[in-house]
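From first to last, the protein sequence lines are chains A and B.
Residues in the first sequence are numbered consecutively from 37, following my numbering.
Residues in the second sequence are numbered consecutively from 195, following my numbering.
Just so you know, the hints here were simulated from the structure itself, not pulled from any lab data.
Some hints here could point you the wrong way.
So the derived label-pair ranges between C-beta atoms look like this [said to hold, decoys possible]:
id	chain 1	residue 1	chain 2	residue 2	range
1	A	A277	B	P308	43 to 53 angstroms
2	A	H183	B	F230	53 to 63 angstroms
3	A	E47	B	Q219	34 to 44 angstroms
4	A	A377	B	D517	26 to 36 angstroms
5	A	D363	B	D517	14 to 24 angstroms
Beta carbons: idealized from backbone N, C-alpha and C, even for Gly.
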Amino acid sequence: MSESEGVVDRELTMSRAMVESIAHEMRENEEVFYMGEDVADYGGIFDSTQGLLDEFGRDRIMDVPISETAYLGAAVGAAQEGMRPIAELMFADFFGVAMDQIYNQLAKNTYMSGGNVNVPLVLTAAVGGTYNDAAQHSQTLYGTFAHVPGLKLVVPSTAYDAKGLMHNAIRDDDPVMYLFHKRLMGIGWMPAPDGPKTPVPETDYTIPFGSADVKREGDDVTVVTLGLHVHRALDAAESLAAEGIDAEVVDLRSLVPLDTETVLESVRKTGRLVVVDEDYRSFGVTGEIIARVADRDLDALDAVERVAVPDVPIPYARPMENEVIPDADDIEERVRAVLSAE
Amino acid sequence: MVSVGKMRELYADMVTARYYEERLQEEYLEGKQPAFDISAGPIPGELHLAAGQEAAAAGVCHHLRPDDTVTAPHRPHHVAIAKGVDLKRMTAEIFGRKTGLGKGKGGHMHLFDPDVNFACSGIIAEGCPPAAGAALAAKKRNEDAVAVAFLGEGAIDQGAFLESLNFASVHDLPVVFVVEDNDWAISMPKERVTDVEDGSDRAAGFDMPGVRVDRDDALAVYEAAGEAVGRARDRNGPTLLEVQVHRRMGHFMGDPQAYRSDEDEEAALARDSIDRLESELRDHGVDDDGLAGIREDAEARVEEAIAWAKEQPQPAPEDAHDDVFVNPPSGVTTDEPEFELAEVNGDE
Numbered sequence: 037m038s039e040s041e042g043v044v045d046r047e048l049t050m051s052r053a054m055v056e057s058i059a060h061e062m063r064e065n066e067e068v069f070y071m072g073e074d075v076a077d078y079g080g081i082f083d084s085t086q087g088l089l090d091e092f093g094r095d096r097i098m099d100v101p102i103s104e105t106a107y108l109g110a111a112v113g114a115a116q117e118g119m120r121p122i123a124e125l126m127f128a129d130f131f132g133v134a135m136d137q138i139y140n141q142l143a144k145n146t147y148m149s150g151g152n153v154n155v156p157l158v159l160t161a162a163v164g165g166t167y168n169d170a171a172q173h174s175q176t177l178y179g180t181f182a183h184v185p186g187l188k189l190v191v192p193s194t195a196y197d198a199k200g201l202m203h204n205a206i207r208d209d210d211p212v213m214y215l216f217h218k219r220l221m222g223i224g225w226m227p228a229p230d231g232p233k234t235p236v237p238e239t240d241y242t243i244p245f246g247s248a249d250v251k252r253e254g255d256d257v258t259v260v261t262l263g264l265h266v267h268r269a270l271d272a273a274e275s276l277a278a279e280g281i282d283a284e285v286v287d288l289r290s291l292v293p294l295d296t297e298t299v300l301e302s303v304r305k306t307g308r309l310v311v312v313d314e315d316y317r318s319f320g321v322t323g324e325i326i327a328r329v330a331d332r333d334l335d336a337l338d339a340v341e342r343v344a345v346p347d348v349p350i351p352y353a354r355p356m357e358n359e360v361i362p363d364a365d366d367i368e369e370r371v372r373a374v375l376s377a378e
Numbered sequence: 195m196v197s198v199g200k201m202r203e204l205y206a207d208m209v210t211a212r213y214y215e216e217r218l219q220e221e222y223l224e225g226k227q228p229a230f231d232i233s234a235g236p237i238p239g240e241l242h243l244a245a246g247q248e249a250a251a252a253g254v255c256h257h258l259r260p261d262d263t264v265t266a267p268h269r270p271h272h273v274a275i276a277k278g279v280d281l282k283r284m285t286a287e288i289f290g291r292k293t294g295l296g297k298g299k300g301g302h303m304h305l306f307d308p309d310v311n312f313a314c315s316g317i318i319a320e321g322c323p324p325a326a327g328a329a330l331a332a333k334k335r336n337e338d339a340v341a342v343a344f345l346g347e348g349a350i351d352q353g354a355f356l357e358s359l360n361f362a363s364v365h366d367l368p369v370v371f372v373v374e375d376n377d378w379a380i381s382m383p384k385e386r387v388t389d390v391e392d393g394s395d396r397a398a399g400f401d402m403p404g405v406r407v408d409r410d411d412a413l414a415v416y417e418a419a420g421e422a423v424g425r426a427r428d429r430n431g432p433t434l435l436e437v438q439v440h441r442r443m444g445h446f447m448g449d450p451q452a453y454r455s456d457e458d459e460e461a462a463l464a465r466d467s468i469d470r471l472e473s474e475l476r477d478h479g480v481d482d483d484g485l486a487g488i489r490e491d492a493e494a495r496v497e498e499a500i501a502w503a504k505e506q507p508q509p510a511p512e513d514a515h516d517d518v519f520v521n522p523p524s525g526v527t528t529d530e531p532e533f534e535l536a537e538v539n540g541d542e
């Protein structure tokens with residue numbers, strides 16, 4: 037049973053849960069501030085800052101020029117002075133504009149200073165496709181950022197997790213990339229599946245990074261995934277249950293640090309591993325998870341499969357986008373494949 | 195002095211662009227109502243319309259030849275029309291069809307028509323460096339082609355833009371940077387994101403002319419752009435040209451614009467480059483029938499393009515795997531895993 041069930045009656049969308057934790061941290065600590073494109077008056081294109089301007093004003097909820105290198109780098113500088121900035125970029129696809137500030141400054145200054153400098157910064161951005169916005173607005177890029185040492189990387193899939201992970205992210209003394217999937221936020225113009233809206237306690241609580249969550253228990257196969265695809269894997273598991281296949285769904289919740297133990301524990305029980313990711317297949321999350329399990333306990337593995345975006349940019353037209361972004365049917369098919377591999 | 199014939203051409207492109215966007219808006223909203231769902235309906239994804247910005251596109255592009263290069267931002271339709279992009283195939287691309295300019299892979303923010311050297315990008319200011327590169331190619335080949343980068347006023351704080359100005363200036367490249375100032379970068383009014391009132395002042399820091407046309411006047415744009423493009427073509431270096439336009443709609447279709455005052459929206463709607471040019475044409479003897487004739491031709495052209503596009507086939511799902519490379523490495527396919535570790539005999 038997921039830890040988020042049965043906590044309280046009150047249900048929130050994922051965006052409301054995120055905003056609630058940000059507001060709490062801002063009340064507790066005046067060094068926390070939020071800056072980004074369209075985060076003040078608009079409230080965040082994906083509702084990530086709805087209502088915060090009213091309470092905290094422009095000094096602490098800052099709209100910025102479209103100058104990613106400047107404001108993301110400024111966030112690094114403010115963090116190194118001991119402030120706790122949250123900097124939002126509306127699409128993860130846009131990080132490339134400011135990549136040096138991210139992968140050479142933000143990620144490495146702690147190390148290069150021998151630990152004498154630290155960067156308590158939260159970088160937030162929307163990720164993901166499934167709404168036909170083509171190759172420059174639909175990427176997840178989990179692997180790109182998880183690949184660079186020095187960045188913690190968090191991907192919530194439910195409102196409960198979103199709040200607890202955000203509390204943790206803001207309090208963390210290291211840089212944290214907090215990537216939220218547009219399709220899970222509960223935005224008016226982009227319907228979410230039912231899953232991400234969950235009960236959320238009103239009080240603050242943290243979810244430690246590196247603690248994967250078993251969102252569904254099962255004995256036959258382990259499905260490891262994150263973000264939107266937690267919900268697609270759960271849908272697949274329900275369909276498979278009707279065929280008598282009992283799938284366990286592990287939600288990683290953070291990629292750095294990665295909870296290899298929970299994955300291993302599940303694979304030792306089921307013997308079969310399917311890794312599902314919305315990022316590109318090669319050199320990414322799927323390969324990493326399989327490699328870690330193989331490294332640690334090859335004997336536990338009877339069969340593995342991976343489900344990810346083939347190595348193509350995300351296409352615009354619906355039939356092609358549906359082809360490359362994994363859906364529940366793709367997950368079911370690969371689960372059946374690992375079960376028939378013996 | 196702009197000839198009446200040229201005025202009629204400018205007007206034709208402007209009313210084509212305006213009507214095109216009105217029709218796209220109708221088509222886009224089909225199936226997305228009553229609860230707006232961005233992923234429903236016949237036109238996928240986001241749609242950024244440029245109604246109110248036609249004068250900038252027409253006034254500049256009427257100096258360009260097919261071999262001149264244009265890069266446009268995420269709001270590209272009016273520029274594409276003025277540059278002579280194939281309207282039918284562009285429309286098919288916007289509808290996500292197989293015969294579209296990009297076979298349905300790019301969509302409305304990513305239109306590429308090499309026949310008229312047109313390209314665009316969905317990332318702010320990132321069309322500026324490639325435009326400088328096209329100009330560099332022309333210079334190296336000793337050709338008199340020029341390049342034009344269009345960008346919004348929200349992009350003038352971006353590194354790619356500022357670096358391109360410097361690069362173009364130090365290499366004397368035949369390029370014109372055209373800033374379409376519609377006052378808004380999504381929800382951010384320009385006075386809150388830049389400390390210069392006129393974006394064209396940025397040119398001073400790069401030793402190039404900075405020119406601003408402070409009204410939605412296609413004829414004034416045409417004249418200013420003529421100097422800038424002529425300067426580039428005559429190998430006298432780059433120019434930064436800013437044109438005041440207006441934004442009649444939200445940043446994207448579905449943008450509720452809660453951040454924008456009613457007065458600002460009404461003021462934008464009240465000043466219209468198309469009305470302005472109509473009165474100029476009337477002053478030069480073009481009567482109602484003459485204007486109506488141009489508009490009817492434009493509307494017919496748009497309707498034909500939309501009807502054609504809607505008849506075009508959808509791409510096949512498996513088409514997604516083509517075109518990653520023009521020279522695909524042998525043995526690499528994207529539609530099957532490169533390897534399948536289907537069974538690990540760990541227990542044996």
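Results for each hint:
| no. | hint | result |
| --- | --- | --- |
| 1 | A:A277 x B:P308: 43 to 53 angstroms | 52 angstroms, holds |
| 2 | A:H183 x B:F230: 53 to 63 angstroms | 37 angstroms, violated |
| 3 | A:E47 x B:Q219: 34 to 44 angstroms | 35 angstroms, holds |
| 4 | A:A377 x B:D517: 26 to 36 angstroms | 33 angstroms, holds |
| 5 | A:D363 x B:D517: 14 to 24 angstroms | 23 angstroms, holds |
When each numbered hint is compared with the structure, a violation occurs for hint 2 only.
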